[in-house]
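Asker: Protein sequence lines correspond, in order, to chains A and B. Each number in the numbering used here comes from the position in the first sequence (counting from 1) with 38 added on. Each number in the numbering used here comes from the position in the second sequence (counting from 1) with 38 added on.
Hints are all accurate, no fakes.
Identical chains blur together in the list; that is why a pair holds if it fits in one copy or across any two.
Result set (EDC-like, lysine to aspartate or glutamate): computed pairs, CA atoms no more than 16 Å apart in a straight line:
hint, residue 1, residue 2
1, K389, D471
2, K54, D341
3, K200, E169
4, K244, E169
5, K54, D132
6, K192, E345
7, K418, E395
8, K71, E83
9, K195, E345
10, K430, D68
11, K71, E48
12, K195, D341
13, K54, E345
14, K43, D132
15, K107, D365
16, K417, E218
17, K54, E334
18, K192, D341
These are computed hints drawn from the structure, not numbers from a lab.
Protein chains: 2
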Amino acid sequence: MALEKLRKEETLAMRKRLIGQSLRLFYSEDPVKIVRARGQYLFDESGKRYLDCISNVHHVGHCHPRITKAAAAQMELLNTNSRFLHDNIVLYADRLAATLPERLCVFYFVNSGSEANDLALRLSRQYTQHEDVIVIDHAYHGHLMSLIDISPYKFRKLAGQKEWVHVAPLPDTYRGIYQEGHPNPGQAYADTVKDLIEEVHSKGRKVHFNTDPYSFTKICDIQNSHRYTETHGVSRYVRSAGGVFVADEVQTGFGRVGNHFWAFQLQGEDFCPDIVTMGKPMGNGHPLACVATTAEIARAFTDNGVEYFNTFGGNPVSCAIGMAVLDVIEEEDLRGNAIRVGAHLKDLLAKLQTRHEIIGDIRGVGLFVGLELVTDKEKKTPATERAAWVVKRLKEEHQICVSTDGPWESVVKFKPPMCFSMEDAELVVQCIDGILTASFYLAEHVASFYSTLITGGDSLFELCVTCNSSLSGHCV
Amino acid sequence: MALEKLRKEETLAMRKRLIGQSLRLFYSEDPVKIVRARGQYLFDESGKRYLDCISNVHHVGHCHPRITKAAAAQMELLNTNSRFLHDNIVLYADRLAATLPERLCVFYFVNSGSEANDLALRLSRQYTQHEDVIVIDHAYHGHLMSLIDISPYKFRKLAGQKEWVHVAPLPDTYRGIYQEGHPNPGQAYADTVKDLIEEVHSKGRKVHFNTDPYSFTKICDIQNSHRYTETHGVSRYVRSAGGVFVADEVQTGFGRVGNHFWAFQLQGEDFCPDIVTMGKPMGNGHPLACVATTAEIARAFTDNGVEYFNTFGGNPVSCAIGMAVLDVIEEEDLRGNAIRVGAHLKDLLAKLQTRHEIIGDIRGVGLFVGLELVTDKEKKTPATERAAWVVKRLKEEHQICVSTDGPWESVVKFKPPMCFSMEDAELVVQCIDGILTASFYLAEHVASFYSTLITGGDSLFELCVTCNSSLSGHCV
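Can you make the complete structure from the sequences, with help from the hints?
Answerer: Structural data, given as structure tokens:
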């Protein structure tokens with residue numbers, strides 16, 4: 039194929055040799071080579087089409103012609119840095135301001151969600167003159183050193199918890215310390231932050247930063263829980279301790295949740311964070327991210343007298359792309375689509391749940407939906423292997439790309455490009471139904487092999503053949 | 039003008055309102071609005087052309103059609119993330135590998151020089167299991183929290199020096215502790231690093247990281263000094279202390295120094311750092327950066343078992359742009375141009391120095407050249423105000439953009455797009471000659487106003503008119 043410059047084996051061999059192995063491949067045992075994409079579809083080197091439920095970054099659809107056109111037109115004209123005056127940066131900031139509460143009116147453009155969160159830390163530390171940070175358990179805020187320190191998801195596996203980092207429990211009403219039966223889990227979880235602040239104060243320390251535990255961690259990491267609660271309460275506690283409230287909207291912003299442009303707006307029109315960070319979908323794949331904050335916080339940062347310059351941040355091309363993304367979200371009513379298709383997907387999954395014991399929980403908002411698998415519905419035992427097996431079957435049998443997530447990788451996650459259709463949702467659910475049915479049937483039929491089954495799907499087909507059951511239709 | 043969407047006053051007002059003021063404008067008292075650029079030229083909203091001696095990022099020339107074409111073609115096809123297998127990332131890594139010593143054979147793609155330096159810190163800390171870092175005075179490694187900690191240029195103005203950061207003197211043979219008269223300043227400066235390591239060890243600490251004090255800080259920050267010396271010695275000391283040697287080539291790489299593709303290669307073919315970071319010119323303005331390291335260091339990082347994923351890093355569009363930049367450097371012999379034009383520029387400036395007492399020093403390599411102004415040649419007193427005045431005159435009278443740098447902002451810095459021509463160099467030097475002549479003549483003629491003159495150029499024209507001298511031709 040003309041689109042392929044190397045044979046796949048050669049690409050793979052060069053990748054192993056030249057690219058740091060810490061960067062992992064999807065489907066590492068049999069990676070997919072994608073050479074072309076359009077909308078919600080990926081195409082491999084042989085022309086095979088995959089339905090993409092993974093690429094939240096390619097928000098308005100892969101290779102949207104409007105975005106390419108806007109990028110190329112601006113690249114032909116000018117792509118200098120933001121120390122020169124230019125219309126695009128101010129027009130784009132103005133467009134973003136229109137989506138946010140009035141208080142969030144000052145913008146800093148950067149190149150990645152990680153750069154945005156690092157800057158948010160600097161801004162809030164400068165403003166509050168406090169050092170400590172409260173984050174929510176399992177949160178991930180980025181790959182930079184400063185962010186690994188505040189990401190329990192990473193620091194538990196690496197350097198460990200710093201003395202200035204405090205972890206509040208994940209407000210998870212499925213498995214957390216306050217569950218669905220609790221009279222007011224929202225308030226109860228908010229109170230854990232209050233208690234944590236008191237504990238921090240008792241050590242003579244002061245909190246400056248709290249990452250949004252509800253609109254951020256909860257909706258973003260849909261693997262973890264699904265009820266967003268008393269963010270108002272949390273922000274009140276944090277502010278009265280002299281801290282600021284940061285909403286990390288790197289994954290959840292730009293209409294992903296459907297009803298609102300930003301996930302924090304799910305808390306009601308009257309709720310406003312002090313800092314909002316944004317990234318992934320912002321440039322539809324182009325490296326573009328941003329921090330929005332209040333005039334007071336920006337002023338404190340300016341008053342330190344030190345310049346903040348980001349070489350590529352806010353350049354005319356990035357801003358032109360950012361504006362084109364906003365145009366497409368509006369013109370193609372992608373938020374409306376996220377509401378409709380997301381609701382349909384959740385409905386279909388809910389119906390599936392009545393027929394499959396393995397489905398423990400369904401959660402999410404808009405086109406950010408998770409399906410948690412459990413081996414025991416009462417004990418909520420994470421079905422990690424089975425989730426991996428579903429991902430593998432979806433790819434191999436149906437050319438559907440999904441990924442898993444969550445503390446136990448037991449959640450099948452849907453965060454497709456926002457042009458994902460009703461038919462796409464129906465197809466995915468139908469395919470999952472087939473896979474789970476085969477799995478269930480097998481589990482019943484080949485009871486003695488059940489333990490093998492849940493520890494990996496690789497030998498499954500052989501097992502069926504071995505036992506001479508007529509299950510191959512289900513398995514393959 | 040069609041290229042202008044807002045009137046300049048409106049752009050400026052919106053910028054003040056919407057963009058964090060920590061991001062400063064060039065010529066802040068009368069900013070330039072650039073709407074179009076090509077090669078080494080910038081054009082403002084009225085069509086006025088400026089010669090650009092600032093934009094090292096736009097390495098192969100502003101809006102090079104080859105780069106735009108490569109970007110648009112790949113954007114139309116695919117821009118997914120690096121968890122999918124793709125030819126561009128491996129082909130690009132292979133191209134970069136060909137420019138580097140064989141040992142530097144593993145690559146990590148990121149979005150900015152800052153992200154690259156942060157990752158270099160993580161890699162080296164993981165590999166050495168040591169905590170401490172040696173950096174060179176006045177160095178700047180980026181805007182992230184982790185990098186401000188290791189950038190004396192920034193931390194002196196902000197949080198101060200961390201106990202794990204150690205600052206070696208700048209190997210500056212113009213103003214430093216060992217100057218031109220010293221028998222072997224290179225070895226003497228290398229020994230300061232040796233001494234520093236001993237001091238660190240005596241505290242029971244261990245160094246893991248040393249940023250290249252010669253090819254990096256020295257050539258890059260040409261404002262500081264101009265003789266690169268015993269990097270071999272430094273790297274030997276650092277390695278024998280169990281540390282690694284990092285060459286920050288974010289500013290100096292990709293042929294900027296002319297004779298070599300990388301500035302560290304000025305140390306000889308047998309010198310090889312353990313980690314090289316690259317950024318600014320890599321994507322000709324597109325957010326693209328990279329870390330190259332050895333197989334051993336990469337393996338130690340992989341062995342920590344934690345994934346490193348960078349959402350945009352190494353995507354097919356970034357890599358296509360990166361390869362197009364390499365193509366243009368080769369095809370247009372931009373390194374050859376940097377050698378020829380850079381040498382010519384330095385020659386012309388050297389001739390100027392014989393006629394202008396204010397020129398204290400000329401330094402640099404290839405198309406990275408600095409001109410230091412001093413008010414007293416013996417005392418080497420930095421002529422900060424005068425340097426600012428030269429920058430202002432060059433812009434206002436001749437539409438030439440240069441910037442100042444150095445600890446006292448006393449160095450006029452040239453780091454133009456690499457297509458900068460002989461004629462451009464001649465024009466710049468001729469204009470500086472005129473400005474310095476006017477300045478000198480004025481200083482002599484209006485001796486009593488000298489102090490006013492060096493504290494700012496704004497009132498200069500009026501002064502001349504006031505004293506009725508016929509200097510307006512020189513001043514304006």
